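Chemist: Once you've looked at the hints, go ahead and assemble the two chains, each given alone in its own frame, into the complex.
What follows is the residue order along each chain.
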Amino acid sequence: MSEKNNRIPFDENNYTHNIHRNNERKLDRRGFMKTLVGAAGVFAVSSLPWGAVAAKELMGLSEKEYPHKKIADLNKIGIGEAVDFKFPGEHDDALLIRLSEEKFVAYNSACTHLQCPVFWVKEEGEMICPCHHGKFDVESGSPIAGPPRRPLPTIEVKVENGAVYAVRVKRYES
Amino acid sequence: MNRRLVNFISLLICLFLNIVFTQKMVHQFKFENYDVAIMYCVLNLIVFPIALFVFKRDEKQSEVNRREQ
Ligand code: FES
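Protein chains in written order, with the numbering used here: chain A, 4 to 177; chain B, 42 to 110.
Chain B on its own, in the form it takes in the complex (with noise of 0.2 Å):
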């Protein structure tokens, strides 16, 4: 598959997980499971650097892309 698909897929997958983890947190830190509320917290903080990166790596393509047109 094309590259730029794949990337611009992953960020839409990251967000995804960030609503899925972020609704997951408040509702077991309600639930007074605390330990699971920090899990969700913390994969919540993962995907970020995971997000930053894919896009990054999505600039250094696109400029390869482009050098080679």
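Next comes chain A alone, as it looks inside the complex (with noise of 0.2 Å):
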């Protein structure tokens, strides 16, 4: 009787048969092993969807055209002074600044680090973001502080008619 209970039914790696103590080999060197090759599996599975938008975005080709989108009137907005508004979609925001009488700057305004959205400090002359205290540049959106490594994405506008529109997003010069 007691032979046939110690025999072992079949091979198997789940360390079962071989529990003296309890907890005595929770995470032994195959298990740890296990682990790795588990977590190399996840990040194989969490980087198919950014291939695949990747891929959907190489064979969309690359100029987008949205549909111009007015952004204000020219006399609302004074020198110096930022408008948010929506570009390309309704839930991008994007900031245009006024530098001068002739010159309008507009950035994609979701910070390129993580994402917060950036703001125009008039007196400083900069586009801060609040939340890790990055700093743009207003004259090319490039970084110039903090965390952020990446310029912003410039948004083109055009003035006509008394109001500024949005035309396209710049794509980045590689």
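Treat the hints loosely; a few may be bogus.
Unchecked claim - Listed next, the in silico BS3-like pairs over lysine-lysine satisfying Cα-Cα at most 25 Å (straight line):
| no. | chain 1 | residue 1 | chain 2 | residue 2 |
| --- | --- | --- | --- | --- |
| 1 | B | 71 | A | 37 |
| 2 | B | 97 | A | 173 |
| 3 | B | 65 | A | 89 |
| 4 | A | 59 | B | 97 |
Stated by the list, open to error - Derived coverage of chain A by chain B (criterion: at least 3 residues anywhere in the stretch with Cβ under 8 Å from a Cβ of chain B; other residues may be distant):
| no. | stretch |
| --- | --- |
| 5 | 32-38 |
| 6 | 52-63 |
| 7 | 99-109 |
Derived from the structure by calculation, the hints contain no laboratory data.
Please read all numbers here as calculations on a predicted model, not as lab measurements.
Cβ atoms here follow ideal geometry from the backbone N, Cα and C, with glycine treated the same way.
Modeler: Okay, structure coming up:
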């Protein structure tokens, strides 16, 4: 009878047949290696959507055209002031800044660090991100301080019939 | 060097590569270099079978060792 009880019915690698104490082999070498392989699997699976969207983006061709969108009337924006608007989609926050009589710049206002909304500080002449104090240059949108490493995407604007319109989102030059 | 150690360290390297590739992939994606992003995605996918292979090989080797004892 005891002979029978001691027999291991079949070979398997779940370690349940040699536990002598509670939790004795909770995480041994093999168990840890299994976790590593599992983690590699999770990385593989979670990088799939990125690849898929990138492939779609590649095929969907570069310069996307969105319908031009009116941002604001010219006489409503003073020099050195900023207006929030949405472009290209309803959920993409963007920021228009009037630098001089003629000069307008617009950027996608989601910080390139972790997507916090960037705002314009007139007194300092900089765009500042409230989350980790990233700073961006107004002229070019490139990061000048803090954690962001990538410039804000530029939105091309044009002035027409006394109003400012958003035309398209510029691509990064590579 | 000890085979067990080699297997173990190769798995650690696999995971390290995963982390590096993922980081690069996300950054290149954001920079709109979509082809490079896809390349890193594929690299990330390739690492998994390699890790699995190392794991299986380790399993086999330890079995052989056990029998030899
Ligand atoms: S989110 Fe803007 S600096 Fe971190």
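Chemist: It remains to establish, for every hint, whether it holds in the given structure.
Modeler: Hints versus structure:
Annotation: proposed proximity of residue 71 of chain B to residue 37 of chain A is violated, straight-line Cα distance about 32 Å (limit 25 Å). Restraint check: the Cα-Cα separation between residue 97 of chain B and residue 173 of chain A comes to about 49 Å, which exceeds 25 Å; the hinted pair is violated. Taking the CA atoms of residue 65 of chain B and residue 89 of chain A, the gap is about 29 Å. The hint is violated against a cut of 25 Å. Between the alpha carbons of residue 59 of chain A and residue 97 of chain B the distance comes to roughly 35 Å, so the proposed pair goes past 25 Å and is violated.
Residue count for the stretch 32-38 of chain A with a Cβ under 8 Å from a Cβ of chain B: 4. That meets the three needed, and the coverage hint holds. Counting residues of the stretch 52-63 of chain A whose C-beta lies closer than 8 Å to any C-beta of chain B gives 7; at least three are required, and the coverage claim holds. Note: the stretch 99-109 of chain A has 0 residues with beta-carbon separation from chain B under 8 Å; the three-residue rule is not met and the coverage is violated.
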